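Model the full structure from these sequences, guided by the hints.
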Amino acid sequence: MAIERFSYDNKIVKYFAIATAIWGVVGMLVGLLIASQLFIPALNFDLPYTTFGRLRPLHTNAVIFAFVGNGIFMGVYYSLQRLLKARMFSDALSWIHFWGWQLIIVSAAVTLPLGLTTSKEYAELEWPIDIAIALIWVVFGVNMIGTIIKRRERHMYVAIWFYIATFITVAVLHIVNSFELPVSLFKSYSVYAGVQDALVQWWYGHNAVAFFLTTPYLGLMYYFLPKAANRPVYSYRLSIIHFWALIFIYIWAGPHHLLYTALPSWAQSLGVVFSIMLIAPSWGGMLNGLLTLRGAWDKVRIDPVLKFMVVAVTAYGMATFEGPMLSLKNVNAIGHFTDWIVAHVHVGGLGWNGFLTFGVLYWLIPRMWGTSLFSRKLANIHFWVGTLGILFYALPMYWAGFTQSLMWKEFTAEGFLKYPNFLETVTQLKPLYAMRAFGGLLYLSGVLIMIYNLFKTAKQGVFVANEEAEAPALEARSHSGEHWHRWLERRPVIFTGLSLVAILIGGMIEIIPTYLIKSNIPTISSVKPYTPLELQGRDIYIREGCVGCHSQMIRPFRSETERFGEYSKAGEFVYDHPFLWGSKRTGPDLAREGKKYPDSWHYYHMMSPPLMSPGSLMPAYPWLLEDKLDTSTTKAKIAGMQTLGVPYEEGFADIANINLTAQADSIAAGLNKEGIEVMADKEIIALIAYLQRLGTDIKVKDIQQPESTNK
Amino acid sequence: MYKEILRSVDNIGIFPTISFTIFFLFFLGLLIYVLTANKAHVAHMSTMPLEDDETLTNTPSKHQQ
Chain G
1 MAIERFSYDN
11 KIVKYFAIAT
21 AIWGVVGMLV
31 GLLIASQLFI
41 PALNFDLPYT
51 TFGRLRPLHT
61 NAVIFAFVGN
71 GIFMGVYYSL
81 QRLLKARMFS
91 DALSWIHFWG
101 WQLIIVSAAV
111 TLPLGLTTSK
121 EYAELEWPID
131 IAIALIWVVF
141 GVNMIGTIIK
151 RRERHMYVAI
161 WFYIATFITV
171 AVLHIVNSFE
181 LPVSLFKSYS
191 VYAGVQDALV
201 QWWYGHNAVA
211 FFLTTPYLGL
221 MYYFLPKAAN
231 RPVYSYRLSI
241 IHFWALIFIY
251 IWAGPHHLLY
261 TALPSWAQSL
271 GVVFSIMLIA
281 PSWGGMLNGL
291 LTLRGAWDKV
301 RIDPVLKFMV
311 VAVTAYGMAT
321 FEGPMLSLKN
331 VNAIGHFTDW
341 IVAHVHVGGL
351 GWNGFLTFGV
361 LYWLIPRMWG
371 TSLFSRKLAN
381 IHFWVGTLGI
391 LFYALPMYWA
401 GFTQSLMWKE
411 FTAEGFLKYP
421 NFLETVTQLK
431 PLYAMRAFGG
441 LLYLSGVLIM
451 IYNLFKTAKQ
461 GVFVANEEAE
471 APALEARSHS
481 GEHWHRWLER
491 RPVIFTGLSL
501 VAILIGGMIE
511 IIPTYLIKSN
521 IPTISSVKPY
531 TPLELQGRDI
541 YIREGCVGCH
551 SQMIRPFRSE
561 TERFGEYSKA
571 GEFVYDHPFL
581 WGSKRTGPDL
591 AREGKKYPDS
601 WHYYHMMSPP
611 LMSPGSLMPA
621 YPWLLEDKLD
631 TSTTKAKIAG
641 MQTLGVPYEE
651 GFADIANINL
661 TAQADSIAAG
671 LNKEGIEVMA
681 DKEIIALIAY
691 LQRLGTDIKV
701 KDIQQPESTN
711 K
Chain L
1001 MYKEILRSVD
1011 NIGIFPTISF
1021 TIFFLFFLGL
1031 LIYVLTANKA
1041 HVAHMSTMPL
1051 EDDETLTNTP
1061 SKHQQ
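So the sequence lines, in the order shown, correspond to chains G and L. Straight run, no breaks: the first sequence in my numbering ends on number 711. Straight run, no breaks: the second sequence in my numbering ends on number 1065.
One thing to keep in mind: the hints can contain errors.
Unchecked claim - Facing chain L, a subset of chain G residues (Cβ under 7 Å, in silico):
no. : residue
1   : L83
2   : Y157
3   : P226
4   : K227
5   : P232
6   : V233
7   : Y236
8   : R237
9   : W244
10  : N380
11  : W487
12  : L488
Hints were generated in silico from the structure; no laboratory data involved. Nothing here was measured: the structure is a model prediction, and the numbers come from that model. We treat Cβ as the ideally placed atom computed from N, Cα and C, and that holds for glycine.
Pasting the structure below:
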């Protein structure tokens, strides 16, 4: 058997590691800023680029795709080469992947503060960047599959299956959710509308968590945890079941983000059932990780790498128990739209992804620099500061979630809402928001300590860019009578195909029926397309990220219909490209905001929210009062909507601006009459037009009573 | 209401049964495979992350400690 000599590419791993650390700090800093804005609104700086609405997607994108994304690639490029006993397929592809990914991150960091966004959560980036993501993702996939094909190890270890499933599923999710119609270089409309858009978005959104934050990290766990503990995984058999059950079940669970909304109830029930089933594979994986340490717990006491990994796997277990619980409709009725969800995702993000990344970094850097860790003491300090940070983050958020939900739902003995003013339920949370920001500060401090420690570690060692290795070449062997799964483990392409089939079935069964019902959806004859001015106003609403704090989805609970009005119906959203239901209520629901207040109220409120609502946490939007509305886009936007099936009359695109000016003039005239000096061509006019339209198509007159106190 | 459209597909009723059968058999097969898998093979697979150290030519160690 010929022994072949080759080398592992460590340089690419090093670069991804550095990118992980840098983007981690950036993403967490933005997180700290927006967390602080919630109790010190002045930190919005009255600038468009620094308001909460625009920075919140920057935070989520930075920590998910930049911090965790680079962390995935770091771990995959290191472990894949070693598990397959082969250098990466192509150094050129590795570097295209690295620099392409960084470029995408930079373009996100520029476009999101500029307000260029689709508003779909975790998929906010506009269409040119979406295309770049797809291309770079394929480069990653080709490089990975190429490496698998030229491997020197016959069988694929379970970590590699997780990497393959990640690649294939994220590609499918990203492409399907990004179907959008460009109307200009940086503006597009989702081809889906209303209920369908919501279902596709949360099919994507949930599986972005599943296949970007979970499966690749499980792959890393199955490789790095045994390595750090220096013992094989507890049960390889369990890992096989874990893998297939997880990828098959995960893909169905998305609708649990839409419980009690206008989504058809069969889809909601499907989401609930599969979410509950998810406990089994998730906990199978968690126990497999923790039990790997059986008999090695003495090591956990002294080795910071293992400490981080134990907390990471424990956090995974907690988050994957909590997730299915939150998917129960009765629990979801309490938790949804509140800070409970924020706590939930941060247990996963800070605990599972963050701590596993730190564990891998503490293990990798000394390895690749041929030295030992600079200071174990500093690593231990990082561990405790980070753990305290998670606690200080999560506990106040749980408290805030319960508090707000209870306040929303409390009625007096006479049957009125106890807290009819929504703002009361928000200002109550201010101290908790401050504590949460402190938790974030602790966590970030820990990361800075780590970076110093790893920098000093690298300083005292010598980096080995190409690590020499040798292994026998793979030779042909006859396999008569062997088992089908072993046969499968040797065939990456067929394996990839099967994974694809497993995830596509779930996706198709959920999504296709909602397409079919499009023509049959209970249409509401009074629901009409937006006027050109309202459409422009809606795009301002999207640009400013209003959806980050305001839902447009009144659930069928008495506490919500009393507070906001008639509950939302599927037929009301048929012209909403994209849907704007939202997932968090830091401010009140706006589904029936139209005509609740006079135009002048909205004018002053956007100028400075505390003028109308003393104590409000909302940022001010003074530029909307100054900036001229760009009407050059109106024609393309209306034409785009027509392409998507919105029934504007033939030729309406050409005269849309005439219609727009007329409506703007009448709103401005009304404001002038109330003594407000404003020109009809300002952005604020379009936004007011949109806000005053919201929910009025089917507004029932007699449900307005208690809201008069809601000032 | 989506049933109306799905109903127009011939023999639609058998689709869920077929998909359930496929997945049930797949997981049943998986379970049988996992429970009966060759011990030596499982041992080989599970030690894969630990093996690669042996093939390494040692990295510089003068900086240790």
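Cut-off 7 Å, beta-carbon criterion: hint that G/P226 touches chain L: Holds - the Cβ of G/P226 comes within 7 Å of chain L, reaching about 5 Å at its closest.
Hint check: 7 Å Cβ-Cβ cutoff, G/L83 to chain L: Nearest chain L Cβ about 6 Å off; hint holds.
Minimum beta-carbon distance criterion (7 Å), G/P232 to chain L: Where the cut-off is 7 Å and the nearest Cβ of chain L is about 4 Å from G/P232, the hint holds.
Residue hint G/W487, partner chain L, criterion CB-CB below 7 Å: 11 Å, violated
Evaluation of the interface hint that places G/K227 against chain L, nearest CB under 7 Å: Hint holds; G/K227 Cβ to chain L Cβ min 5 Å, cut 7 Å.
Minimum beta-carbon distance criterion (7 Å), G/N380 to chain L: 18 Å, violated
Hint status (Cβ of G/L488 to nearest Cβ of chain L, threshold 7 Å): 10 Å, violated
Residue hint G/Y157, partner chain L, criterion CB-CB below 7 Å: 4 Å, holds
Restraint check, 7 Å cut-off on beta carbons, for G/V233 near chain L: 5 Å, holds
Hint status (Cβ of G/Y236 to nearest Cβ of chain L, threshold 7 Å): Where the cut-off is 7 Å and the nearest Cβ of chain L is about 4 Å from G/Y236, the hint holds.
Given hint G/R237 near chain L, where the shortest CB pair must fall under 7 Å: 4 Å, holds
Interface restraint verdict for G/W244 against chain L (beta-carbon cut-off 7 Å): Given a least distance of 6 Å, the restraint on G/W244 holds.
Consistency note: the structure conflicts with the earlier hints numbered 10, 11, 12.
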